[in-house]
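Trainee: Each chain, written out:
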Amino acid sequence: MTLATDVLAGNRRALSRALTLIENGLDGRDEILAELYPRTGRAHLIGVTGAPGTGKSSLVNQLALAFRQQGRTVGIIAVDPTSPFSGGAILGDRIRMRDLSGDSGVFIRSMATRGSLGGLARATADALKAFDAAGFEIILIETVGAGQAEVDIARHAHTVIVVEAPGLGDDVQAIKAGILEIADILVVNKSDDPRAPNTVKALRAMLDLGSQRSAQAMVNHHGRVLEAIQPVIDGNSQSGWNVPIQLTTATDGTGVAELVAMLETHRSYLVESGELARRVQAQMAYELDSLLRDALLERLLASVDSSAMASVVEQIAARRLVPHAAARMLVSGLTEA
Amino acid sequence: MTERKIRALVAKPGLDGHDRGAKVIARALRDAGMEVIYTGLRQTPEMIAEAALQEDVDVIGLSILSGAHMALVPRIMELLKQNDMGDALVLVGGIVPDDDVPRLQAMGVGGIFGPGASTVDIVKLIREKVKLA
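From first to last, the protein sequence lines stand for chains A and B.
For the first sequence, position 195 (counting from the first letter as 1) is numbered 184 according to this note's numbering, and the numbering increases by one without interruption.
For the second sequence, position 117 (counting from the first letter as 1) is numbered 1387 according to this note's numbering, and the numbering increases by one without interruption.
Don't read these hints as lab results, they were simulated from the structure.
Using N, Cα and C, we set each Cβ at its ideal position, and we do this for glycine too.
Careful: at least some of the hints might be erroneous.
Stated by the list, open to error - According to the in silico footprint, chain A covers these stretches of chain B (three or more CB under 8 Å from chain A):
| # | stretch |
| --- | --- |
| 1 | 1303 to 1309 |
| 2 | 1321 to 1330 |
| 3 | 1384 to 1390 |
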């Protein structure tokens, strides 16, 4: 029995070991991924992102409970930030997931970002494959507390939930580029807060700015002068899906059943419209692209001796060489080699 | 790219609500470059053993101030073995009477730290005892 066959057989300890191997890029990682990969592609990958303190972990806890009630198995990857100073990390997402303890249909793994800036860890994509191959039907990926630019989750998940909480910013925050653009479903958590309806209004207004219907309404109201405004932002550019907004209170489960239903609807939409295949293909192209970058960089760094590199840096610092030209020079050396 | 970090679980089994010590340790291990999974208060031995398995940790730090260590620790050690996690280094922090120290050690506890223990010593012990693959 190899580690991979144990993972495929549903052995939890084997999955845990495989995740360590994958996360650390240890010897044997490529072999195990090769064995697991043909068995992936079955799970529904759901990303949960949003600013720190909006309730992502608590919501993941509630979602997992709801999916378990339907009898479906749930894998959870919870990402927290690595300290840029010590390299250490406190991974505290499990604190909010204690309700899931003792259920063998749930497996939670915490990951530190280890310097990765997009809201996930570098190894998250491969960790997902291990969960998927191990047979988990739903995989919830919780990003680090994300601000405006951590959108990596859209490159890995089928469905992205962006969690907002009342009182975090005005309507201009809502139309800025970034995290709201990747939402398939918007959640306003802490719905017991009296400001929650205002947050919903601001988000709805933001979504309407991008819709065809509102553009037509604008023309009807102001005449054709304003027609030029189209096309405006259209966060989730796929047609046929209108981003819904769901109010939840993750501490008591309010709104969670509705959210689960929305996730189902989105999944069906993805499958029926062909968007799933398109999305997955784009994600794979992106993954390949970044692996190629890593591999090429590694090869370049291995082929250039460090003293040559230092001398190039010196020339750049002395303003004798433009950084772009230096990079081209080093790369052309690589292709000749 | 190959980067192996020490992963630690800091847990508070039992019913006492004093988690300052556990948080101090979690913070100290983070500052020493470790990845610390912090599970919060009132964990059962089952919850701790399960979290240790899922997270594949190298070290488990148990903070017990209630005096219940002789009830909790044996159960946790047994569950860890059942989970094939017997290799993990287990440390106990809190109020442990001198007489209990050898008994805990006999169960396989790798270090026992009482009031006034230095976080530097704890980090040092972990680095000595944890052999990364």
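Trainee: Could you run down the list of hints and mark each one as holding or not?
Mentor: Going down the list of hints, with the structure as the test:
no.	hint	in the structure
1	1303 to 1309	holds (count 7)
2	1321 to 1330	holds (count 5)
3	1384 to 1390	violated (count 0)
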